[in-house]
Structure formats: C-alpha cells, structure tokens
Amino acid sequence: MMSKRNIVGIFFFLVIALLFVIAALTTHEFGHPEKSVIPDMDDHIIDNTQTETGANNAVTSVVFDYRGFDTLGEATVLFTAVAGVILLFRRLKK
Amino acid sequence: MIYNIPYFAVAALILIGLYAVVFKRNLIKIVIGITLIESGVNLFLITLGFRENSVAPIHTAGTTEKTLMSLPVPQALTLTSIVIGVAVLALMLSLVIHIYRHYGTLDVRKIKEVDE
Amino acid sequence: MSEMSKIVKTISNIAFPLVLIFGLYVIAHGHLTPGGGFQGGAVVASACAMILVAYGSVWTMKKIKEKHLSLFESVGAIGFIGLAFLGLLFGLVFFKNFLLGEGLIFSEIGQGLSNINTAGVLPLMNFAVGLKVIAGLFAIILVMAYATNKLKGGEN
Amino acid sequence: MDFLATLVNHSPALIIAVPLLGAFLTPLIGKINGKVRNVFVILVVACTSFLIALLAYNVFTNGALSADAVTNNIQTYVFGAKDIGTPAVRIAFEVDAMNAFMALIAAILPLAAVVYSWAFMKDETGQDKYYTLILLMTAGMLGMMLTGDMFNFFVFLEITSIATAALIAFRIDQKYSVQAAFKYIVISSIGALFVLFAVALFYGQYNALNMAVIGDSIKYTMLDKIALVLLIASLALKTGIAPMHMWLPEAYGRAPSSVTVVIIGTTLGSLYAMFRMIFTVYGKHIWDLGKTMALQLPQLLGILLVALAILTIILGVFMALKQSDLKKMIGFAAVAEIGYMLLAVGSAIATISLNESGVTVMTSAGQMALKGGIFHVLNDALDVGLLFLVAGAVYFAAKETSLNKLGGLARNMKYTTVFFLIGLFAVSGLPPLNGFASKLMIYESTYAINPILSIAAILCSILLLATFVKVFHSVFLGPKIPKFSNVKEVPKSMLIGMAIIAVIIIFIGLFPNLIVENIVKPASEALMNYGLYLGGI
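Sequence lines, in order, name chains V, D, A and W. For the first sequence, the numbering used here gives the first residue as 4, with consecutive numbering after it. For the second sequence, the numbering used here gives the first residue as 23, with consecutive numbering after it. For the third sequence, the numbering used here gives the first residue as 11, with consecutive numbering after it. For the fourth sequence, the numbering used here gives the first residue as 4, with consecutive numbering after it.
So here's chain V without its partners, still in its complex pose:
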C-alpha cells in the first residue's frame, strides 16, 4: 500500500539520510579534533579562563562570559516558552 506521497517522502528521506551518513564518514576522527584544525578558540579559553574571567570552570566562563549573549537568548527562550504555555492554558472569558 504505497501511496504517491509515501514514495516522494521515502525519496527525500533517503537523500537526507545519505547526507548525514556522508557527514559521519568525513568528519574528523573521533577524539582528535586537532586532525581537522588546531582548536585555537578553545585552547585560548582553557588557557585564559582564570585570568580573563576569574572562573575555574571553563564551561561556565564560556556560558556566562565569552558567550554570555547566547545565554541571555537561552534564558529568553525559556521565558518565551513559559509565557507561551501560560498563554495557551489561559481562561478565555474574563
């Protein structure tokens, strides 16, 4: 029972599957990110997190200092979701 829509769907699905499999094959060797590029940005963060941000935890220094603006966006996403959920479950009549 293959409808026309299903065949088109399977075709697109296979194309996308091929993309992801090729991506998995050609990404650098697992555990060795330096095989594709020298990780400048991350090494800079690891070396300077204590002097530049004062934090021992490099991940926290990235989350709140180096990429703090992303975290503002992330907090906003959660705020948006709460506002959205409360909006969806509001009472309709005053």
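It is possible that some hints are incorrect.
Some chain D residues well away from chain A (every beta-carbon gap over 12 Å; in silico) [stated by the list, open to error]: (1) ASN48; (2) GLU74; (3) ILE104; (4) ASP129.
A few chain D residues that face chain W, going by a derived Cβ cut-off under 7 Å, partial list only [to be verified]: (5) ILE56; (6) ILE59; (7) PHE66; (8) LEU113.
Result set (DSS-like, lysine-lysine): computed pairs, CA atoms no more than 30 Å apart in a straight line [stated by the list, open to error]: (9) LYS75(A) with LYS125(W); (10) LYS125(W) with LYS85(W); (11) LYS46(D) with LYS186(W); (12) LYS51(D) with LYS186(W); (13) LYS96(V) with LYS287(W); (14) LYS38(V) with LYS222(W); (15) LYS134(D) with LYS402(W); (16) LYS495(W) with LYS96(V); (17) LYS222(W) with LYS287(W); (18) LYS132(D) with LYS402(W); (19) LYS483(W) with LYS408(W); (20) LYS486(W) with LYS402(W); (21) LYS7(V) with LYS132(D); (22) LYS38(W) with LYS417(W); (23) LYS178(W) with LYS7(V); (24) LYS134(D) with LYS186(W); (25) LYS96(V) with LYS34(W); (26) LYS417(W) with LYS483(W); (27) LYS96(V) with LYS77(A); (28) LYS486(W) with LYS178(W); (29) LYS77(A) with LYS125(W); (30) LYS134(D) with LYS325(W); (31) LYS178(W) with LYS51(D); (32) LYS77(A) with LYS34(W); (33) LYS96(V) with LYS473(W); (34) LYS19(A) with LYS96(V); (35) LYS125(W) with LYS132(D); (36) LYS96(V) with LYS125(W); (37) LYS73(A) with LYS96(V); (38) LYS491(W) with LYS473(W); (39) LYS402(W) with LYS186(W); (40) LYS134(D) with LYS408(W).
Note that these hints are calculated values from the structure, not bench results. Glycine included, C-beta positions come from ideal geometry on N, C-alpha and C.
Following the hints, put chains D, A and W in place on chain V, whose structure we already have.
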C-alpha cells in the same frame, strides 16, 4: 572508519527521529521524533569537542599546572541547545493537549477526517 | 493529577529538602565545579515536580499560582539582563564582567577549587538564571499538570 | 553630541536588549493597569525603532553620527570586551548595509502591530502574555537580522519560532489555529535543528562560530557542501518556499492579524539569513572558487533557486485563486511574493561568471535583479502587512473572513476600503505604488537574463491582480447584506496602525529612486562585496 562510530550513532539518532516525524501518524510520536533529532544534534556537538585522554575543562589546581582538557565551547553550546529543546518540547506538548481537546484523538488521519 | 498515597508523600517530604539543598549547592558553585544556574535550577525544579506528583496539581495550585511563578521568573530575567546592563554602565561594554578585580564581592581570580569569592558577575548571573529556571520549569509543569487534570474531568 | 555618539556606538546591543527588557518588565507592569502596559509596550517598540533608525543612518552614511564605530559601512559590536581578540572567542554583531536594511523593515512592522493591537486585542484575555510574546518576537527577529555569529543566529531563530507558535495559537478555542501552530512549530524546529547541525559541521572543521571567520577560512570540502545543502533547505523551509510552503498560509491566516504582520518580518529574516549564507559565508565558493571548478557552483545554485522560485510563484498564485477565506488567500499571495524575491536573487546568482580578464563578476542585469529582489523584500513586507491588517480590521468589524459571506462593507468602512485599495495596487504591482517600482526592476532584469522567466512572472502578477480585484469586489462592493448593515468603522488605533504602513508605501511609491539609491544599492553592494564583511572582524 572504526573511529567514526560515535558519528554514526549521531546519524542514526537523527534519521530515526526524522523517520518518526515524516512517516508516523501519531502526534506524540512526531514530538518524540523531534526530540530524537535534537538529541542527535546535541550528541554531535559533544562528540566534536572530545579529545582523547582529556579531563573536563575545569581548573582544579591553580593556574600553573597544565593538563589536556576537552573543548569547552561545544559543552556550552550543548547546554544552550538542551534548554532550547526543553522549551520547544513544552510548547509542542501543550499544543498537542489542545489538539486532543478539540478532536479527541491524536491520529493525524482521524484529525483530517474530522476537518472534512 | 490526583494525590498519591501517604508513603509517597512522606518520602517526598523527606527528600524535598535534600534535593533542594543539592540544587542550591550546584547553583552556588557553578563557577567552580560542574554545574551552574541551569543545571541547579533544573534540580530544584524537579524537587518541586516531585511534590507536585505526590500531592496532586490541585493541592499545589492552591499553594502557589502560576502567575506568582511567572513573576519570579520575570525577576530572575530582569536580574540577568540588569547585570548585563550594569556591565554597559560600569565597564562600557554590554555583558562586561565589571566586578572582576574591582575589590568588591567575587572579585578574585580563581586559583583552584576552594575559593568561592571569584569570577566577578558569573556567580550573580548563576543565581539570576537559577531563580529563572526554577520558576520557569515549575510553572510549565504546574500549568500543564493542572490543565490535563481538568481535561480528565477533575477526578480529584 | 557625545551622548548621541555613545548611543549609536552601543545601538546594536541596545536594539536587542531594549525589547528584551521590555518583555521581561511587561508582566510586572501589566499588574498595574492595562492602559499603562499598552503605552509602555508602544514606547518600548518606538524606542527600538528609533535606535534602529540611528544605527541604519550611521551605517548608510559611513559614520555621520559616530565615525569611530564604522569602517567601510560596517559597524561591529563585541559583547563582553572592547574587541574580539585574535581567535574570535566572543559573540559579535556585524552590521553592514544589508543588515541595516533588514532592520529597517523590522523597525516598521512591530510598531504598526502594537499600535494596531490596542483596539484589536481590547476584549481578549491574556493580553500581558500577548504583548510579552510580541516583544520577544521583535527581539528575536532583530537578533536574527543583526547577528554575526552562527550559533547566536540559531538561538534567535528558536526564540522567534517559539514566540510565533504560541501567538499563532492565540485563539485556542479555534481548532484550526491550534493545528496551524503545531505544524509551524514542527516545521520550524526541524529547520532550526538542521541549522544547528550545519553550525556544528562548521565548528568541527574551522573551530569558529563567527560568520566572518568561517567565511574567511572556508574551503570546498565535502562537509561544506553538506552544510550548504542543509542551510539552504532549512532556511527555505522556514521561509515558506515551495514545495515546503504549506505551513505558511495556514500560519499567516490563522494567527491574529496583528501577529501576522510580525510573522512576515520573521519569515523575511530567514530569507535574509539565506542570502547572507550564500553571499557571505559561502562568498569564497561563489566568487573565487567558482572559476576553478568544473561544476560551476553559482550557475547550479542560481538555477536551483530560480526553479524553486517559479514553482513558488505559480503555486502561490493558483492556490490564492482557489481560496474562499480572505486571510488564507492573502497568505498564498504572500507565498507568491516570496517567490518573486527568490526569482530575482536566484537569477542574479546565475549570472555570476568569468569575464574576459578572468575575474568572476555579476552582469549588470544580474546586479539590477539583485537590487530589485532586495527592494522587493521591503515592499513585500509593507504590502502584505497592510493587507493582513485590513483583513484583521474586516474580521474585527464583521466577525467573518469568508469571502462568500462578506459583502458591501465599503459603505460603512470607508478608511479601511481605502487602505485595502492601496495594499491591492501595491501588491499586484500597479503604478504609482511601491510594488510597481520593485517588480519593474525584477521584470526588466530577468527579461535580459531569460525572457521566459520574466513573462511567467508578469503573467502571475496579472493573475494576482485579478484575484485581488475579485476579492475587493466581493468584500467591499456588492449589494448591502443585512447582517453587516450595523458594521462600524474600526477604532482609531487600528486605523493609525494601518496608516503607518500605508504612508510609507505611498512615500516609497512616489520616490522609489530615493530609496533605491540610498538604501537598496548599498545593501546589494554589501551582499556582493563579501570581502568587506569578512574583513570586518
């Protein structure tokens, strides 16, 4: 190729999720599919940042001593992406609840029948 | 969700403060150990969710309304963006870490695991985000649980 | 003047931060009083628009307000430090003429929407959350348009899509709006996750997240090709380009009209991101590597985009003919309009080729097509936005949007009728309004590239005009229907909201050259000179 097995896990997660979104008829299964895709992408970010024989990127013994640490940026990105995923999931599930209230079913075909 | 048996209630009463303390610890030590505002906030929110499961959504809704949680969340968000604005005011760049090295609180540079008085605005931001995540996640869970309870005809 | 210069220096950050702070404060201020909250929201949006105007003026004049912030018509802003450092660790905004042009669009639409909402949303519950979400959408849209960081773009994409989905389902008692919202969030979260995967591919290869840095170090590896396919597919999904267009008319049609106006802005934000990815991040592929490759990337990409565009236009126009609901019909017209932009830009990309001296150039027809396409982005946002506001006014007054049941509204709603006429003429490209100016550029340039494209575009435009004339006749003219005999003209705030857009439409229609020379031309040049953007960091 044997070194790339984690990436194949990523591809498998994403493709299973995509399969659920495209071919499944139940709205909850579609939602599960999206969370699967999201887990796959998160796993990809984390695996990109792993270095062999490294420790977590936290300085425990002052500034002088140096050890090999895994990359911190992908971990931060994954944290952001997980929170975003939670937000999307919450909103999708509330929409599913409303669809159930209106139609009394979660099956896409039955919803289409009701509409016509 | 209707309320559960006495055993579940008692256990969750015992576990609640422990989970709460652990969550607050994770938030407060975000700049020193693994964790931070989001992770600790999620832990505390799960403690609240445990209470919700044990006592039922109707009981919880009587104790705390989602609009109060929404207010708390706004306060957390304003605290976070306010710290960023203070960076603009004192450090001349938005999101500047203006407390670091100024001799006020959290001004020292991290030297290892022990010193909590480090990292500038990062701990403050952790607290703001923690407050926001606790209130936000709990609000989402509470609202959805209450709504599905009504959907089933309010069997409570 | 010192204060003004400081304000302009910090404006890229403030443009995002002000609506965000406003959104966080709205629930608190809503506790005081509904009117205070409405005034507050309008003030916040007006402030944002003012800041955008300052930033855009500074960028277009290359530093008339604050010379030290701008070099080569690019203003950068780094978060958390004075400069970005040698490895670009921090998030940076990089505003060139194209970003500023898009931000100008985003300055107009939310302002009209919030003014319009005052009366439009008067009787609804949940207004606090409604205004919060509108402000969040505005902030997210502006973030998408201004950011120079790939991951930051993903975050703002998600903010906009979550806020949009919640607002599409605003009328939760109507099952179709809930359904449209669910479709929208499924589509947009898949799109956003593909964007994130592409970002991860870039990160794994170049260890960078900044668009300029990635664009600078990009090679032509297999992973880059996969990332390009994923980026174009996902952003096309979010823009509503055929064959992934089905969510768009539903989302536009089922959302409250004041929300739809802002959704148009977010859709165009995705379109902008697609252009930015193709022209800037993959700029080296298109301009430099193209001459050495056996398979010519620009031609391939251009032909693909043109094919999608033609499909989008035809599908949009013919589906619009069939609709019996006013708002869904305008939604399909919006799909067709997006096709026109893509047609122009796609054919512009297709004309990139080697000239005699071995340099890759875009032909003059291609440059004109690019200008026309970018100009049409502005015009489409205004025209379709005005039409949706009019449709919302019709719904507000008559509580009905079905074309078969409406009729004879022109007698009671004179101003609304005038606004609909303006929108109708503008969207179907009749002189002297703005749609004509940009569509003429598209027709002329595509005729020089390939006459068939131009003819197809003109024919579809005529069909669109016919559809809208039919709609105008059935909604506003015709015999008096007793059910609608007591319909009144909509309140003043809604008229002001429509008038804001209508005045700008007429202004652009009267002085198209002013806009093209001062705003559109720099924007298209910013897209073509990718080197300037890459050198901005």
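Checked hints:
1. ASN48: Given that every Cβ of chain A is farther than 12 Å from that of ASN48(D), nearest at about 17 Å, it holds.
2. GLU74: The assertion about GLU74(D) holds, with a minimum of 20 Å to chain A.
3. ILE104: Check fails; 8 Å does not lie beyond 12 Å.
4. ASP129: 18 Å, holds
5. ILE56: 6 Å, holds
6. ILE59: 5 Å, holds
7. PHE66: Holds, about 5 Å.
8. LEU113: Holds, about 6 Å.
9. LYS75(A) with LYS125(W): 25 Å, holds
10. LYS125(W) with LYS85(W): Not OK: LYS125(W) and LYS85(W) at ~46 Å, beyond 30 Å, violated.
11. LYS46(D) with LYS186(W): Given pair LYS46(D), LYS186(W) holds - Cα atoms ~14 Å apart, limit 30 Å.
12. LYS51(D) with LYS186(W): The given pair, whose Cα atoms are some 14 Å apart, holds under the 30 Å limit.
13. LYS96(V) with LYS287(W): Violated, because 57 Å separates the two Cα atoms, which is more than 30 Å.
14. LYS38(V) with LYS222(W): 15 Å, holds
15. LYS134(D) with LYS402(W): Judged against 30 Å, a Cα distance of about 25 Å means the pair holds.
16. LYS495(W) with LYS96(V): The given pair, whose Cα atoms are some 25 Å apart, holds under the 30 Å limit.
17. LYS222(W) with LYS287(W): Given pair LYS222(W), LYS287(W) holds - Cα atoms ~8 Å apart, limit 30 Å.
18. LYS132(D) with LYS402(W): Between LYS132(D) and LYS402(W) the Cα gap is close to 29 Å, so the pair holds against 30 Å.
19. LYS483(W) with LYS408(W): 11 Å, holds
20. LYS486(W) with LYS402(W): 11 Å, holds
21. LYS7(V) with LYS132(D): This hinted pair holds, its Cα atoms lying about 20 Å apart.
22. LYS38(W) with LYS417(W): 28 Å, holds
23. LYS178(W) with LYS7(V): 28 Å, holds
24. LYS134(D) with LYS186(W): OK: LYS134(D) and LYS186(W) at ~13 Å, within 30 Å.
25. LYS96(V) with LYS34(W): 18 Å, holds
26. LYS417(W) with LYS483(W): 14 Å, holds
27. LYS96(V) with LYS77(A): With Cα atoms ~17 Å apart, LYS96(V) and LYS77(A) stay inside 30 Å; holds.
28. LYS486(W) with LYS178(W): Holds: LYS486(W) and LYS178(W) sit about 25 Å apart, inside 30 Å.
29. LYS77(A) with LYS125(W): Satisfied, since the Cα-Cα distance of roughly 21 Å is no more than 30 Å.
30. LYS134(D) with LYS325(W): 20 Å, holds
31. LYS178(W) with LYS51(D): Cα-Cα ~20 Å, so holds.
32. LYS77(A) with LYS34(W): 10 Å, holds
33. LYS96(V) with LYS473(W): With a Cα-Cα distance of about 37 Å, the restraint between LYS96(V) and LYS473(W) is violated, given a limit of 30 Å.
34. LYS19(A) with LYS96(V): Judged against 30 Å, a Cα distance of about 36 Å means the pair is violated.
35. LYS125(W) with LYS132(D): 36 Å, violated
36. LYS96(V) with LYS125(W): Holds. LYS96(V) to LYS125(W) sits at ~13 Å (cutoff 30 Å).
37. LYS73(A) with LYS96(V): 24 Å, holds
38. LYS491(W) with LYS473(W): OK: LYS491(W) and LYS473(W) at ~23 Å, within 30 Å.
39. LYS402(W) with LYS186(W): 25 Å, holds
40. LYS134(D) with LYS408(W): Roughly 25 Å between the alpha carbons, so the hint for LYS134(D) and LYS408(W) holds.
Going through the hint list in order, the structure does not satisfy hints 3, 10, 13, 33, 34, 35.
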